[in-house]
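**Student:** So the chains spell out like this:
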Amino acid sequence: MAASTTNGFKVIGTRPIRHDGVDKVTGRAKYGADYAFPGMLHGKVLRSPHAHANIKSIKIDKALALPGVKAIVTADDLPKLPDKMEAAGEQAINLNHLSMNILARGKALYDGHAIAAVAATSSHIADEALRLIEVEYEPLAPVMTVEDGMKPGATILLPTLRNKEDGPDKETNVAAHLQFKRGDVAEGFKQADYVVEREFKTAMVHQGYIEPHNAIGIYNADGHATIYCSTQGSFVVRSLSAAVLGISEGKIKVVPAEIGGGFGGKTTVYLEPLAVLLSQKTGHPVKMTMTRAEVLRATGPTSGSTIRCKMGATKDGKLVAAQCWLAYEAGGFPGSPVGAGAMTILAPYNIPNILVDAYDVVVNRPKTAAYRAPGASNAAMASETVLDELAEKCGIDPLDIRLINGSHEGTPQTVGPPFKRIGLIETIEAIKNGEHYKSRLTGPNRGRGVASGFWFNVGLQSSATINIHTDGTVSLVIGSVDIGGTRAAQAMIAAEVLGVDVNDVRPTIADTDSIGHTDVTGGSRTCFATGWAVYEAAQDCIRQLKERAAKLWEKKPDEVVFENGMLSPAQPGGDLKPMSIKQIAPRLARTGGPIVGRATINARAVGPAFATICVDVEVDPDTGKTQILRATIAQDVGKAIHPAYVEGQMQGGTAQGIGWALNEEYFYDDRGILRNTGLLDYRMPTCLDLPPIETLIVEVPTPGHPLGIRGVGEVSIVPPPAAVANAIYHAVGVRMTELPMSPSRLLKAILKKRAAGETQAAAAD
Amino acid sequence: MANKVIVETTINGDPVELLCEPRQSLLEVLRDVLELTGSKEGCLTGDCGACTVVIDGRPVCSCLMLGVEAAGKNVSTIEGLATGAALHVLQRKFLEHASLQCGICTPGFLMSAKALLDRNPNPTEAEIRYALAGNLCRCTGYDKIVRAVTDAAATMAGRSSRTAHGGAVPAETASGMVSEMLAKGEDK
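Same order as they appear, the protein sequences are chains A and B. Numbering follows our numbering, in which position 85 of the first sequence is assigned residue number 85; successive positions increment by one, without gaps. Numbering follows our numbering, in which position 132 of the second sequence is assigned residue number 132; successive positions increment by one, without gaps.
In short, the hints are calculated from the structure, not lab data. Each residue gets a CB set at the ideal place from its N, CA and C atoms; glycine is no exception.
One side only, chain A facing chain B, incomplete, derived with CB under 7 Å:
id, residue
1, Gly21
2, Thr26
3, Gly27
4, Gly208
5, Tyr209
6, Gly484
7, Tyr645
8, Ala655
9, Leu679
10, Leu680
11, Ile693
In isolation and in its complexed conformation, chain A is listed as follows (with noise of 0.2 Å):
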């Protein structure tokens, strides 16, 4: 729980409930799949039941034929598009990739990659018409790990991929090689009293969010067209979409609707685009849903990973040198998380050399989307755990570790500059410090872990508009997607600002049209960068009240002052009284109309995220399941706008760790086909399986923003894996270097350690 830290704010630091809270608790907040219009289609998408294919013929005509079925698409009804790296809005993205990924054109690269979508008059219907659908493939050998993508004559996935080492001449499923360098690596480890190497696996894993997919696209005879959809990100969904489509952004409003979860993995289209060209040869709107089955099949999850790591370290404990090499899974098409893993692996730590490789694999599942701090979480699985092995050597507990080669203020990042202020050290020091790692764990099989973590945040950008009604109450119109109560955080920013009732702002959540460019509720942005613009357009309102004052007072505006929500004049005295917003909201017309205060930014300076947890478990050594007795995190968060819904991201993000740690996984048969389709067999935690997750907001203002504010969403994702890992060490003696740490893995690792000792014994006798 946080610490009181109110300090000199009203509204900042405090609980009130949600704006959005009634809606959301009678049924009545409309989410993507909640809309309808008159004359409404149904739209479904046929997907490859092959992980590599070319595909030979697509017949249509008796699908067509059923009554009710009113368009098919295929790849050739898209335009195709350049196979380069281009600008689609904000972001660079190869626009050709994209397009291949909505409908699979020539080659199917994954199961359940799309290869055609079907409007009728009912999704039942839409649903008859797939099957009447006639692909002709050609199935290919699948490439589904990494080894096996990066190995000599290895089947190609994208025979027009190239990297910049092997040169134009030479097909390769390698997209890229990053490499990090500091130091000498080889002199490093000379100094080192103990090195450790390991080698790690960790699974495919996805977000999981409980809201699948949805976009009801309305084409209009004038040319424009109106998207309604649950996404991270309207105007990213804007400029996809029309890239996609080939027709100009400003054409696209993207109406965004409540969103059920997301974790990165609603930050790219799919649906939308398909929608749209539907509607359009329909002329009716079109709605797209997806099954649970589609969004585990052919949505982005993240990479399954292979990591080596090797760490060196003095006795006393002092980090030397680390050496690291990642290889991710991209899915069908470029674009793993691979470089935050290699610029994240090391980040908490002070170490004078080191040498970090890695590799962007395409393999034949589906593209990877973000997934909350993304490739982070594997990483420090490896890093973690690694430096872990280093502190039982070196005996010296893991936390002081940690403490000892900690980044701080001044400490070079992976990619070189050095760090601002950050608050890794007062993470650590809050675990050590606590009730939970000063209490003694006992009986037998169980064991405590510890781990910390790091995630950059993004800023980017934020637009907001506050206007001031009659009443004195004021609406918030903002861009940012609230995907986890984000509106009241930016109620209470402007309430604090303006010095009004929380419950007198009403925030919104506008279309495309209707608010500034805001980029995506994701990067841990919103409250740092949105909350910024949201500051920054309170103090306009400000601004223009005070000059409303001081035509009232017939004064300048620089002899009015704005302190507790009061406006008065500069100098005291005289028969002036002073008036609140509430008191001069009625008198504006009079003083030249409504105030409409504005403000958008681009936030360049951001504040990095550090997160340390501490985890007991207790493992049965018969079945090899890890039970979660206790579980605390402490993360830097700058600045609680809303500490419920801080410690809200904090819980959360430690229990998909926990699900990514011991349960969650892809399987793929031999075929390369997707054996778990469902939230059965894809077992996410329950709440059975989890304990109250503690929680300690440590509260290291980022320099340059106005209310310190860090960014809280992702970075407690990211130790979760590695501290059960170490955990389970402590408690039955294995160390695990798998991903997920499933019974069946556990047990198997606990029955060798077990065979291994009795040959010892034996060998003894």
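Please build the complex by placing chain B on the supplied structure of chain A, with the hints as guidance.
**Tutor:** Frame of chain A; chain B shown alone:
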């Protein structure tokens, strides 16, 4: 297309006569025929619980039942949980404890929790976690949900001083009440 069937049922206390295809699930009938979109679709296989409704006192995944099977049954959905403009204690506690982030699982959790408290007004934490294990939440890690249900049970039994009034509170005053609690330093 199969011939549609007339189904007579009771939904949130009101008699309803509806027309649906035999192949339509109860969830589809609620959402697409009756426009009761508060019940959510997360999986269609009974694994996530987002579509939970209460039928004759038992929580049921409405995606696993056909609409025609609702004939003669008493179906309660999230749309019927509040009484007029007054939220149910569970709804209010979910808001006070910040038990929802994205909110897509919330209707299902509320209906499962309602069924639990109706048959066991004084559940232990383990009983709450067991009763809610059929509902998946990916945002919260469940901690604040379990706390809200625990607090709601205590409130309904009149065991908690800070919510001694029990029963339902008008929606529009719910947030005002919490602000008041904050001012008194009673919350958290």
